[in-house]
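Read top to bottom, the protein sequences are chains A and B. The numbering used here applies: residue 856 is where the first sequence begins, and numbers increase by one. The numbering used here applies: residue 3 is where the second sequence begins, and numbers increase by one.
It should be emphasised that the hints constitute simulated quantities derived from the structure, not laboratory data. Using N, Cα and C, we set each Cβ at its ideal position, and we do this for glycine too. Wrong hints could be hidden among the right ones.
With a Cα cut of at most 27 angstroms, we get these calculated DSSO-like pairs of lysine-lysine [stated by the list, open to error]:
#1 LYS111/B <-> LYS966/A
#2 LYS111/B <-> LYS33/B
#3 LYS972/A <-> LYS33/B
#4 LYS33/B <-> LYS124/B
#5 LYS76/B <-> LYS972/A
#6 LYS111/B <-> LYS980/A
#7 LYS124/B <-> LYS76/B
#8 LYS965/A <-> LYS111/B
#9 LYS111/B <-> LYS972/A
#10 LYS972/A <-> LYS124/B
#11 LYS966/A <-> LYS944/A
#12 LYS965/A <-> LYS62/B
#13 LYS930/A <-> LYS980/A
Chain B is nowhere near these chain A residues, computed Cβ spacing over 12 angstroms in every case [unchecked claim]:
#14 ALA923
#15 ARG1018
#16 ALA1021
Negatives, chain B to chain A, calculated, CB over 10 angstroms [stated by the list, open to error]:
#17 GLU37
#18 ARG39
#19 GLY42
#20 VAL59
#21 GLY65
#22 TYR71
#23 GLY77
#24 SER78
#25 LYS79
#26 VAL81
#27 GLN123
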Amino acid sequence: MKLVVQSALSRRNFLATTTLLSAGTVALLAGNTALAQGLATNPSADVGILNVALGLEHEAINAYQLGAGSGLLQKPVLDIAVSFQSHHKQHRDALIATIQKLGGRPVEEKKLDEYAKALNAAALKSQGDVLDLAARLELGATNAYLGVIPAFKDAALAKVAARLAADEAMHWTILTNALGRPLPASALSFGA
Amino acid sequence: MSSISKRFSTLALSFFVLQTSVVFADATRGKSLYESRCVGCHSIDANRVGPAHRGVVGRKVGGVADFDYSPALKGSKLVWDEQLLQRWLINPEALIPGQRMGYSVSDAKDRTDLVDYLQTQK
Chain A
856 MKLVVQSALS
866 RRNFLATTTL
876 LSAGTVALLA
886 GNTALAQGLA
896 TNPSADVGIL
906 NVALGLEHEA
916 INAYQLGAGS
926 GLLQKPVLDI
936 AVSFQSHHKQ
946 HRDALIATIQ
956 KLGGRPVEEK
966 KLDEYAKALN
976 AAALKSQGDV
986 LDLAARLELG
996 ATNAYLGVIP
1006 AFKDAALAKV
1016 AARLAADEAM
1026 HWTILTNALG
1036 RPLPASALSF
1046 GA
Chain B
3 MSSISKRFST
13 LALSFFVLQT
23 SVVFADATRG
33 KSLYESRCVG
43 CHSIDANRVG
53 PAHRGVVGRK
63 VGGVADFDYS
73 PALKGSKLVW
83 DEQLLQRWLI
93 NPEALIPGQR
103 MGYSVSDAKD
113 RTDLVDYLQT
123 QK
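Looking at chain B on its own, in the form it has when it is part of the complex (with noise of 0.2 angstroms):
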């Protein structure tokens, strides 16, 4: 494959996974999701039975100063981006032994849509 091609083939692929994510990611839907599933435990805004979700990503894991987490997350160095949110939510306790959530989101859909939301929310 000559060079030019190579680039192109690149280029193509790198304008399919930005268009999956621009087409796919729903921040709408992800607030119905959060309304549905996390309100049980969560606000954006009030520590409840979890932490408040406002600002959680770019926050330190463990990070709401007045919130008791488990020494688990108040121990991790972990921060929370996009990608750290989705494997929590594939499987919290995978990602970080010992915390308490027992909550995933098996859909990879659910979890980008929500994850979306939560990055509106800062």
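So here's chain A without its partners, still in its complex pose (with noise of 0.2 angstroms):
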């Protein structure tokens, strides 16, 4: 059996400096608007960063809408796509609603077009070949959410970010399970 070795270099992510976030975000995330409307907030930061967030769960929702357009994917792969794309618009939708609340403009999404040629959607010629794209996708979102936890000072912030990542290794793991590619050899390989 061929092994996969996980690197055990560090993994930290995009989002380290989520000290700005302050704990009313962490609450409008963790859908408690009532407590978020009780606590200070520090609005442009948490909207800039919560923006990252969102623009990475667009671009999430559109590779898997080229993946589901493809015609390269049969029945059950289909599906679970579909539904992973469903897990990442409910990401999507508590994002916008939290930057709302902040009064911030959430980012766009842009056209299906562009994502198709930022991701090289034309090189994708196998069901494979878009599995690999989700996957990479997911391991980049995961390790994102986890780079997270490390700098939270509030439990529930750090909370939240794990209930994120979580989804993002489970559709990691189904990916990866799918290509036929074995589990990591060593544990911890996620956020390292």
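Since each chain comes alone in its own frame, lean on the hints to assemble the complex.
In structure tokens:
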């Protein structure tokens, strides 16, 4: 059996300045708007960081759209891809709601063609190609959200980030399995 | 210390620094790091959540023509070089307040390898 040797290299990610996220933002992401309204926030800093996350979710949604529309995915993989896309749409909606609650303007979704160009969708020739792209994006998202956690002083924010990361890690795991790739040889392979 | 000794010491120190740089900068490892950490937002040749990285070394900060930068980056007069990239990866907000990238790399070896890899992407 071919072993995938996961690097022990650090994978701290792009949201490492999440100490800027306020407890109010945490509450909004957790669905507790009443609590959020009672807490002081730092809207401009929060909105900037949340918009980066929203940009990632927009891209993920469109990546799955490209995959689903490519004609390359067969059932049941197609159904799974659509299911994962719906998860990202829920992440998107939660982020948009939070940004708007903070008085910010959510970054807009680009056109599908723009995502297709940026992700080099023209190079996708097989189901495996689509799954490989999705797996790379899901791993990036997993590590992005995990990268938030060490910076947290607020345990509630850490929990929200962990929940988002768990969704992405679940996606990556299923995609990796669908690709016929083995599980990581070592533990603690995410977010290192 | 004699003049000759001083010169020898300086030469030895320079050699050590050079040796350190040559031994530890690892673009191959940097590529692996890039794949695991950066591709969530960046690609070498395409603008995504973040700008494309090809040619970043030597480029003006905020210099990718068709990328929607923050005003802070767009207005910067800095030019990316090895040292500036190192400082950016340590703490982007400290270097250019108002920028949007929350990502930082705390480990010096990781930063060195990432920057070394980026230098190969001309």
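Evaluation of the provided hints:
Proximity of LYS111/B to LYS966/A is assessed by CA-CA distance (about 38 angstroms); at most 27 angstroms being required, the pair is judged violated. Of the supplied pair hints, the one linking LYS111/B and LYS33/B holds, its CA atoms being roughly 13 angstroms apart against a limit of 27 angstroms. With a C-alpha separation of about 22 angstroms, the suggested pairing of LYS972/A with LYS33/B holds against the 27 angstroms cut-off. The straight-line distance between the Cα atoms of LYS33/B and LYS124/B is roughly 14 angstroms, inside the 27 angstroms bound, and the hint therefore holds.
Proposed proximity of LYS76/B and LYS972/A is supported: the alpha carbons are some 24 angstroms apart, at most 27 angstroms. For a cut-off of 27 angstroms, the pair hint linking LYS111/B to LYS980/A is broken: about 37 angstroms separates their Cα positions. Between LYS124/B and LYS76/B, the direct Cα distance comes to roughly 22 angstroms. Compliance with the 27 angstroms bound is thereby established for this hinted pair. Between the alpha carbons of LYS965/A and LYS111/B the distance comes to roughly 36 angstroms, so the proposed pair goes past 27 angstroms and is violated.
Of the pairs offered as hints, the one joining LYS111/B and LYS972/A is violated, with about 33 angstroms between alpha carbons and a cut-off of 27 angstroms exceeded. Taking the CA atoms of LYS972/A and LYS124/B, the gap is about 21 angstroms. The hint holds against a cut of 27 angstroms. This hinted pair checks out: LYS966/A and LYS944/A have alpha carbons roughly 16 angstroms apart, not beyond 27 angstroms. Our distance criterion of 27 angstroms between C-alpha atoms is met by LYS965/A and LYS62/B, whose separation comes to about 26 angstroms.
As the CA atoms of LYS930/A and LYS980/A are separated by approximately 17 angstroms, the hinted pair is consistent with the 27 angstroms bound. Every C-beta of chain B lies more than 12 angstroms from that of ALA923/A, the closest at about 20 angstroms, which supports listing it as non-interface. For ARG1018/A, the requirement that its beta carbon stay farther than 12 angstroms from each beta carbon of chain B is met, with the minimum near 18 angstroms. Every C-beta of chain B lies more than 12 angstroms from that of ALA1021/A, the closest at about 16 angstroms, which supports listing it as non-interface.
Consistency note on GLU37/B: stated as away from chain A, yet its beta-carbon is not over 10 angstroms from all of that chain's, at 8 angstroms minimum. With a least CB separation of 5 angstroms from chain A, ARG39/B falls inside the 10 angstroms interface cut-off, contrary to its annotation. Residue-level check failed: GLY42/B sits 3 angstroms from the nearest beta carbon of chain A, not beyond 10 angstroms. VAL59/B, annotated as away from the interface, keeps every beta carbon of chain A farther than 10 angstroms; the closest lies near 20 angstroms.
With 10 angstroms as the threshold on Cβ separation, the claim that GLY65/B sits away from chain A holds: the shortest Cβ distance comes to roughly 18 angstroms. Once the 10 angstroms rule is applied to beta carbons, TYR71/B is consistent with being away from chain A; the minimum gap is 12 angstroms. At the 10 angstroms boundary, the C-beta of GLY77/B stays outside the reach of chain A, the nearest C-beta of that chain being 16 angstroms off. For SER78/B, the non-interface assignment is confirmed: its Cβ lies about 16 angstroms from the closest Cβ of chain A, beyond the 10 angstroms cut-off.
Separation of LYS79/B from chain A is adequate, the least Cβ-Cβ distance of about 22 angstroms exceeding the 10 angstroms criterion. Against the 10 angstroms criterion, VAL81/B stays outside the reach of chain A, whose nearest CB is about 23 angstroms from its own CB. GLN123/B, annotated as away from the interface, keeps every beta carbon of chain A farther than 10 angstroms; the closest lies near 16 angstroms.
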